[in-house]
Amino acid sequence: MTYTFHWQVPLQNLSLFLWGALSTLQMSAVAVLLGLVIAVFCALGRLSKRRFLRLPAVAYVEVIRNTPFIVQLFYVYFGLVAVGINLDAYTVAILTLTINCGAYCTEIIRAGIQSIHRGQSEAGLSLGMTYLQVFRYVILMPTLRVVWPPLASQFIATMLGSSVVSQISAEELTYAGMLLESRTFRTFEIFFFIAIIYFVMAQAFSILFSLTGRRVFRRAWGQL
Amino acid sequence: MPEIFIAFSYKDVLYLLQAALVTIALCAMAFSCGLVVALAIGLMRTARRVRVLRFVAAAYVEVFRGTPLLMQIFIAYFGLSIIGLQLPKFVAVSIPLILFTGAFMGEIVRAGIEAIPRGQWEAGWSLGMSYGQVMRWVVVPTAVRIMIPPSVGFLVQLVKGTSLAYVVGYVELTRAGYIVSQATYATMLVFTLVGLIYFGINYPLSLASQRLEARLKRHA
Numbered sequence: 116m117t118y119t120f121h122w123q124v125p126l127q128n129l130s131l132f133l134w135g136a137l138s139t140l141q142m143s144a145v146a147v148l149l150g151l152v153i154a155v156f157c158a159l160g161r162l163s164k165r166r167f168l169r170l171p172a173v174a175y176v177e178v179i180r181n182t183p184f185i186v187q188l189f190y191v192y193f194g195l196v197a198v199g200i201n202l203d204a205y206t207v208a209i210l211t212l213t214i215n216c217g218a219y220c221t222e223i224i225r226a227g228i229q230s231i232h233r234g235q236s237e238a239g240l241s242l243g244m245t246y247l248q249v250f251r252y253v254i255l256m257p258t259l260r261v262v263w264p265p266l267a268s269q270f271i272a273t274m275l276g277s278s279v280v281s282q283i284s285a286e287e288l289t290y291a292g293m294l295l296e297s298r299t300f301r302t303f304e305i306f307f308f309i310a311i312i313y314f315v316m317a318q319a320f321s322i323l324f325s326l327t328g329r330r331v332f333r334r335a336w337g338q339l
Numbered sequence: 111m112p113e114i115f116i117a118f119s120y121k122d123v124l125y126l127l128q129a130a131l132v133t134i135a136l137c138a139m140a141f142s143c144g145l146v147v148a149l150a151i152g153l154m155r156t157a158r159r160v161r162v163l164r165f166v167a168a169a170y171v172e173v174f175r176g177t178p179l180l181m182q183i184f185i186a187y188f189g190l191s192i193i194g195l196q197l198p199k200f201v202a203v204s205i206p207l208i209l210f211t212g213a214f215m216g217e218i219v220r221a222g223i224e225a226i227p228r229g230q231w232e233a234g235w236s237l238g239m240s241y242g243q244v245m246r247w248v249v250v251p252t253a254v255r256i257m258i259p260p261s262v263g264f265l266v267q268l269v270k271g272t273s274l275a276y277v278v279g280y281v282e283l284t285r286a287g288y289i290v291s292q293a294t295y296a297t298m299l300v301f302t303l304v305g306l307i308y309f310g311i312n313y314p315l316s317l318a319s320q321r322l323e324a325r326l327k328r329h330a
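Sequence lines, in order, name chains R and V. Following the working numbering, the numbering of the first sequence begins with 116 at its first residue and continues without gaps. Following the working numbering, the numbering of the second sequence begins with 111 at its first residue and continues without gaps.
Bound conformation, chain V alone (with noise of 0.2 angstroms):
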């Protein structure tokens, strides 16, 4: 072989570890700040008196459900250097996963605020409570257990939708695992090593969301 290969050693585990906690950041941060996302298309979407809320924020869900996550990625990434903004790339990558993460996880907010009963509203409001009160008390209480399991299942789908970041040079762990694989040329024993670590972050999120659903429906 050609010196400018290296053979593949214990260094390029550790640059694999390495990149999965980069993949880990990514997912956090897409995570949290899409959940802010998430709450204002949830409470928009299960606005009653609103239609334009509502209409709004079915439109953003159905655009980004409707819209491979590749491209959201591409646009958002070129999209910002276009208008201007400089960012760090974390940043320009995390922008597409936040956005992807406010749609999908504002269905699963709105399918939490919908499981409550209409009368549990009626009560509060018969109460004197104000919208505000009826959901800090009475909703959200209840919603927030119905939207725990399909969250962590979602989870899954984010650290997934992380590898995407792939394509515009981000270096998280699929693009780790390419550059190691251009390398050494130990292509095989990369991607097994790579496809393990995806494996060993989800599937103790995936067991965790079947446990909590299945606890959930036992206690309903």
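Excised from the complex, chain R in its bound form (with noise of 0.2 angstroms):
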């Protein structure tokens, strides 16, 4: 082995990782939030009785679980230049991981929807709660407890796939290493450095949120 590394390189320039790394936050975090929200329309879609709702919703989750990410960013990248709108490559980078996030998203809540039973919020009236406290604490907080720990690995599926969209040179952690790397050629040392990057990224969060979620849920633990 006659290679010598050179860590310096990307130690050198840990503010365009930094820079790439907040990138890849924003875009994931704005991913997740408007997932969700296609989510939870697309999730109701499913669970209706109504055909005309339903299959829509089963047609678009089936079709983005069933096909790489890096497909439907290509076809979303050129099929907008190709129907005349042109966007740049960050904004067609977080609408395509919205729409791939909000099919995963929408197997999450629909199985959070699922999880609760129709006689427990007839139980809670029946208790003479309101239907206000029904929601909260019969069918909201449990159903958030549910989805909460696979809702915390989407966000970090999310984060780390996407890594592709620096394929279309949207701005964010890997294309900051394809810049760094275009320039020194040290491509090894380069993507070694930023993948503990991720790493660390993933391994704090998937922290953060059981933390988070352990706190936030403790009194509808003890309630159940």
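Everything labelled a hint here was simulated from the structure, so no lab data went into it. From a predicted model like this one, the values you see are computed outputs, not experimental measurements. Treat the hints loosely; a few may be bogus.
[Unchecked claim] One-sided and incomplete, this derived list gives chain V residues near chain R with beta-carbon spacing under 10 angstroms:
(1) 175
(2) 188
(3) 193
(4) 271
(5) 287
(6) 288
(7) 291
(8) 297
(9) 308
(10) 311
(11) 312
Just so it is clear, CB atoms sit at the ideal spot from N, CA and C, and this is done for glycine as well.
Put the complex together from the two separate chains, hints included.
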């Protein structure tokens, strides 16, 4: 092995990576939040008895979940240009991430809604709780408690998956690495360093979400 | 249109289908070899007495699940050439996919083994069976049935994962689609086709996974 490692290349460009990491986080957060909005509607659609509401939601979820994200990205990126809409790569990246995330979140929300038995709200009402109390203690909190862990994993999956958007030159962490690579050709060192940043972010958020979940839902746990 | 553009024809469809075979081959390679890694990881993670083994396996899983597959492909691909290995591209791209499969399937193997109640192990031991014998005759027959639905589900993830071999220029379905789209400018048509091919591979797997899971639940 005659290769000499140049670890100073990534280490001297920490500010570039910091900028990239923040951009990645921002992108993932926006995608997950917007994706959740889509997901709530689609989950209601999926559970609806009306076919014209159910079928589009099912089709959306199945198409997105069974095709690679990079293909979806190219499809949106080139597709928008083909119909004459010119958006910058960053916006396209957020748009595609949102569409992608929406489909996965739909399944999470659906499972959450289905986990609440109908009899529970009836039981709450018959105990003399008001509608608002039933909604808060019997429906909302238990549902949130069920969807919290998978949503947290989904956020991390989106964050890791967002590295793919570097392929359309949307500016985030992996793209920052590619920029530096094109100037220094220290491919291995740069990507190894970036992988460490992703790993640290994934671990940090995983811990953060589980702590928050435990704190917020402690009461809901006590009540069940 | 200038002459360098070629009109999209049935030949391009054949090319894409060929590339789909490459994707499937990559997937088969990663899954079969990754299964060996996964078995090792699963057994290590469930080793009760040896803490080091559990720790090493857990670290392995965390690293591969906590970093983007894209990075794993980049690092393995360029790392292999740094240590002086000149491998065929197919093998070089397979290696990160194998390690990725090992981590995800390793968790499935672990879950399968852990689903077997402790009492069954104790029953086996009290009959004088060894670790290997209990594993072979008591645990594996049940654990495998539990592992099948999520494994089929993971295949979907793996097929999608192979699309990232695109980034190092390996010609599988996604790269082939990109090449054809650049040559013919029939971008939307090409990526619709590529998407349909992926969907055609993955949707049956998704359905099978759901059915198998429902069946397992019924029998349990």
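Checklist entry - Any hints this thing doesn't respect? Which numbers, in order? => result When the structure is compared with the hints, none of them turns out to be violated.
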